[in-house]
Each structure stands twice: as C-alpha cells, then as structure tokens.
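Visitor: Letter by letter, the chains look like this.
2 protein chains.
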Amino acid sequence: MSENKEIEVMQSVYDKNDEVAAKINSALTKSGIYAINVMGAPGAGKTTSLIQIIKRLTDVIPYVIEGDIEADFDTKTLQALGVKAIQINTGGACHLDSPLIGNAVDELGLSNGVLFIENIGNLVCPAEFMIGEHAKMLISTVTEGSDKPYKYPLAFEKADIIVINKCDLLPYVDFDEEFFMKGVRALNKTAPVIKVSGKTEEGFDKVVSWIMEKVK
Amino acid sequence: MSENKEIEVMQSVYDKNDEVAAKINSALTKSGIYAINVMGAPGAGKTTSLIQIIKRLTDVIPYVIEGDIEADFDTKTLQALGVKAIQINTGGACHLDSPLIGNAVDELGLSNGVLFIENIGNLVCPAEFMIGEHAKMLISTVTEGSDKPYKYPLAFEKADIIVINKCDLLPYVDFDEEFFMKGVRALNKTAPVIKVSGKTEEGFDKVVSWIMEKVK
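Residue numbers (the numbering used here), protein chains in the order written: chain A, 63 to 278; chain B, 63 to 278.
Check before you lean on any hint, since a few could be wrong.
Since the list gives no way to pick out one identical chain from another, each pair is judged satisfied if it fits inside one copy or across any two copies.
As the list claims (entries may be wrong) - Using 27 Å as the maximum straight-line C-alpha spacing, the simulated BS3-like pairs for lysine-lysine come out as follows: (1) K251 - K117; (2) K92 - K276; (3) K138 - K244; (4) K220 - K251; (5) K78 - K67; (6) K276 - K257; (7) K117 - K78; (8) K278 - K78; (9) K78 - K251; (10) K146 - K117; (11) K92 - K78; (12) K268 - K257; (13) K268 - K85; (14) K67 - K261; (15) K67 - K92; (16) K257 - K67.
Quick caveat, the hints were computed from the structure, so don't treat them as lab data.
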C-alpha cells in the first residue's frame, strides 16, 4: 500500500473524529455540561487529582469517564466515593476518540454538571484527538522532570490549564521550575500553571476555582 | 472511508514494519551488535538509566539511538560523555518504527557492541512495533504507581527485562511492590525485575550483568 494511501486514511480518521467531537460538544453544551479532557503521562496522578477536585466541587454535579487500555481500578475507586463514573477500555488504543466518548456520554445520561474525561496515560496522542471537550487539563509531575514541555510540546501547547502534581516530592527530586516554565510559556502564553500535591492536598482549591469560573 | 479500509491500512503498516525490523535485526547480528529497545513512560529515567549502564560496561562499545518527538537534550548529554549517539525526532509520532531505525543504524556505522535504542516516552505504542531489537528493556518507576502492569499490559508482557527506577523515593510514595509483581508475573513469567535508582546508582550492576550475559 502506498504512503499516500496511508496519509489519506489518517486524514480521514482525524476528519471523522473531529466531526463527531463537534457534535458531542454541542450536545453537552445544550445539556449544561462543561467537559474537561484530562491528559497526562502514566502515573501522573490523574485519578488522584480528580478525587481531590471532585470533593471540593460545590453546587455542581461531577461525572467521570475513565479511559484505560485495560482494567477499571480508577472507575471503582470513584464509584466507591459516590461519583457517577463509567469505564472505557480501549483494548490497546493509546488515546480516546470521539466515537468512544459519544457512546459513554449516552450511557451516563448527563445534565448540568462537569464531565471529567480521563484520557489514556500518554503525553503524545491524546493531544491530537478532540473528544467533545470544552477544555483540556494537562497533569504533569515534578518526578517526570522539567524537560517535558520541550519533549512533548503538543500536549503543553493545547492545554487550557496545566497542573504540576507530586509537589510534596520537590525536596527529593531535581525539578528545575524555571526551565519547565520557560518551556511551557514558549508554547502556551495563557494557561494557568498550578502546583498541587495529591498527597498533602495543597493547590487543588486553585484548580477548582478555575473550573468554577468556567462553569458558572 | 470504510472501517475495513482503515484496518487494512493498519495491517499493512504493521507488516511493512516487521519486515524491515527482521532485516535490521539480521544485519545487526551479523555486525556483532546486540540491540536493546528501551521503553518507558515519559520521565521514567530512560536516559539516566542508560548513562548508569553505559558507564559500567567493560570490553563492549555502547551505541545509542535516542528517540524523541522533539528536542535533543538526551543525545547531547550522552555525546558529552563520549558516547556515540544520534537523535531521531519523530516530529509527532508516538513510537519509533523500523524504517526510522534502519536509517539511523546506517548513519552510526556499528560493529561489535551494544546498541541501546531509547524509544519515545510512552507505555503503549512502542511495545507494538519491532524495531530490529534483540531484547526489550522496560523501565518502570515507583513514582508511577504499582498498577501500571494492569493498565499497560503489553509493554510488561513483551519485556525481556524490567527495571524499576527511582527506588530512592520509596520512603515517600505509596508503591505496593507485591501488587506490582503480581501484575507483572500474570503477564510475564520470566523477565528479571531489577530495582534501581538513577540517583543513588544502586541496582545497575545487576542490569549490566544481564546485558553482558546476552552479549558474550
């Protein structure tokens, strides 16, 4: 098969994805749902951050769609806390796409609240696929190192809010915040960058304030 | 475009990749090169681990191919240490493939040594693509959490050696080693699992012993 044919197929995949994403976004907006696509590397603490955020939300219903290749630990953790959450297993695919989200949204039966869509742990492909979201939240960590904006630029460029997790470990790791921020700001002038710790719970009030500004 | 057409194109991509990978593997073997595909999440410490391994290698020449979406920090770090290293930037692609490696191998001009191919930081796609390697080394970390084998099974299943990095941070994180190992062994009965720390340098002697067993 020719390379041109491969490029044509990939373009068709992107176009179809974006078309469905626009429809989902429109339907969610009509239902009073603000949807956030939560991205980050494996083990960045996406679910831990969602738990901290959700327990601080007032006057707004949280919903979660959990994306994983396999397993459903995070969905069970969230459901045990009383959160309306459902699992998507991609069975191998390295990112969520909009047809997968369309089905999950129908199943959840959403109205008036915030929908968090936790993407596959991956700093590359999730940033390339719209899934009907109103905003993208990128969760980075001090343990991953300060060169991540330079190595994985698209995720940092497209983020509407950047959370730096695991700040309780700052005394024990070599994280150069100035270098990190220089990399972020070369790609993204406006996204707020908020330091948090899933362990000490610091910083999540600021993340929740940002979300509530968007929702109200 | 139909879904069948998309599946056909993907199958063609895999087939073409594997065909080139087999040729590279054969050529490397003839040149006395043992090639290791080094995989891990963003920030797992792949380059840091390579530096610790390379400085312990005796009587064998190390070569490195560094894969990144963008940037070349790691190649420069390795070259500054006198290592013969070259950079591949995929410009967006989330994994290395064998045509990319074929070109880099020609450029490096290898003979009689160990070639480390540091893949893109990603726990998903790199495990799906052969790139001419003789073995796959997976670098996981205690900061990523102990559920990673369950969530990203293919990388753990296919690994010939599993390195758990950042063990100096064990006192400060919740890493359940028993749960981690249960997940690993459900997928992979034989790969040695070796705990290391890029910071304290513990454990790398064992990794180097494993490599030297393969090379001799």
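Visitor: Now tell me if each hint is right for this structure.
Guide: Evaluated hints:
no. : hint        : result
1   : K251 - K117 : neither (30 Å within a copy, 40 Å between copies)
2   : K92 - K276  : within (15 Å within a copy, 61 Å between copies)
3   : K138 - K244 : between (38 Å within a copy, 20 Å between copies)
4   : K220 - K251 : within (11 Å within a copy, 41 Å between copies)
5   : K78 - K67   : both (16 Å within a copy, 14 Å between copies)
6   : K276 - K257 : within (19 Å within a copy, 44 Å between copies)
7   : K117 - K78  : neither (36 Å within a copy, 49 Å between copies)
8   : K278 - K78  : neither (31 Å within a copy, 52 Å between copies)
9   : K78 - K251  : neither (30 Å within a copy, 41 Å between copies)
10  : K146 - K117 : within (13 Å within a copy, 51 Å between copies)
11  : K92 - K78   : within (22 Å within a copy, 46 Å between copies)
12  : K268 - K257 : within (9 Å within a copy, 37 Å between copies)
13  : K268 - K85  : neither (31 Å within a copy, 54 Å between copies)
14  : K67 - K261  : neither (49 Å within a copy, 47 Å between copies)
15  : K67 - K92   : neither (38 Å within a copy, 35 Å between copies)
16  : K257 - K67  : neither (45 Å within a copy, 45 Å between copies)
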